[in-house]
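K.L.:
Count along the sequence shown starting at 1, add 1, and that's the number in this note's numbering.
Because the hints were derived from the structure by calculation, they are not lab data.
Take these hints with a grain of salt, some might be off.
Stated by the list, open to error - Pair by pair, the computed Cβ-Cβ distance ranges are: (1) Asn-3 / Met-102: 25 to 31 Å; (2) Asp-75 / Gly-30: 28 to 34 Å; (3) Thr-4 / Met-44: 36 to 42 Å; (4) Asn-3 / Ala-35: 43 to 49 Å; (5) Gly-42 / Val-8: 36 to 42 Å; (6) Thr-4 / Lys-85: 25 to 31 Å; (7) Arg-134 / Ser-39: 45 to 51 Å.
Said to hold, decoys possible - Within a straight-line C-alpha distance of at most 20 Å, the following computed SDA-like cross-link-like pairs (lysine to any residue) qualify: (8) Lys-85 / Asn-103; (9) Lys-85 / Tyr-25; (10) Lys-81 / Ala-12; (11) Lys-45 / Phe-18; (12) Lys-5 / Leu-58.
Predicted model, so just to flag it, every value in this text is computed and none were measured.
Built from N, CA and C at the ideal position, the CB exists for glycine as well.
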Amino acid sequence: MNTKCLVASLAGAVVLFVGGYVLYELVLGGFMEANMGSATGVMKETPNFLWIAVGQLASGGVLATVLGWAGATDAAGGAKAGAKIGALLAVAFGFVMLGTMNISTLTWAVVDVVVAAVLWGAAGAVVGIMLGRGD
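Whenever a hint applies, use it, and build me the whole structure from the sequences.
P.N.:
Given below as structure tokens:
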């Protein structure tokens, strides 16, 4: 992995971390909580932000790697690809969890796909810009 991809990964992780907090906690926190499944005790009262950051660093790495392979080197290309990747990942994980666990509802899973597309699209735009620097 070259330095440009590493910097793009970190930039994408920051957007995913901050944007995820804003969208999932501040904007949609009450809605998402109201649409949880019947399982109890699965949400931590206080999230462990260290582990969330580790996950977002990995997500930024996935995004930078895929956008690098796709040749996305600007905000528009990064946003389009990022939104597609985010939506597909949300469908993949959200609907498998919906089918196997009682932690969400169909409404939650569908809204998560839209939110993930917006969030990953924003991160993809930043990653695309970072990958295109110096070209």
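K.L.:
Against this structure, judge whether each hint is valid.
P.N.:
These are the hints, each one checked on the structure:
1. Asn-3 / Met-102: 25 to 31 Å: Given about 39 Å between the Cβ atoms, the range is violated.
2. Asp-75 / Gly-30: 28 to 34 Å: 33 Å, holds
3. Thr-4 / Met-44: 36 to 42 Å: Given a distance of about 38 Å, which is inside 36 to 42 Å, the answer is holds.
4. Asn-3 / Ala-35: 43 to 49 Å: Between Asn-3 and Ala-35, where Cβ atoms are some 44 Å apart, the hint holds.
5. Gly-42 / Val-8: 36 to 42 Å: Once the Cβ atoms are compared, 40 Å apart, the range 36 to 42 Å for Val-8 and Gly-42 holds.
6. Thr-4 / Lys-85: 25 to 31 Å: Given a distance of about 26 Å, which is inside 25 to 31 Å, the answer is holds.
7. Arg-134 / Ser-39: 45 to 51 Å: Roughly 48 Å apart at Cβ, these two residues keep to the hinted range, so it holds.
8. Lys-85 / Asn-103: Answer violated: Lys-85 to Asn-103 is near 26 Å, above 20 Å.
9. Lys-85 / Tyr-25: OK: Lys-85 and Tyr-25 at ~19 Å, within 20 Å.
10. Lys-81 / Ala-12: 17 Å, holds
11. Lys-45 / Phe-18: 17 Å, holds
12. Lys-5 / Leu-58: Answer holds: Lys-5 to Leu-58 is near 15 Å, not above 20 Å.
The structure is inconsistent with the numbered hints 1 and 8, although it conforms to all the rest.
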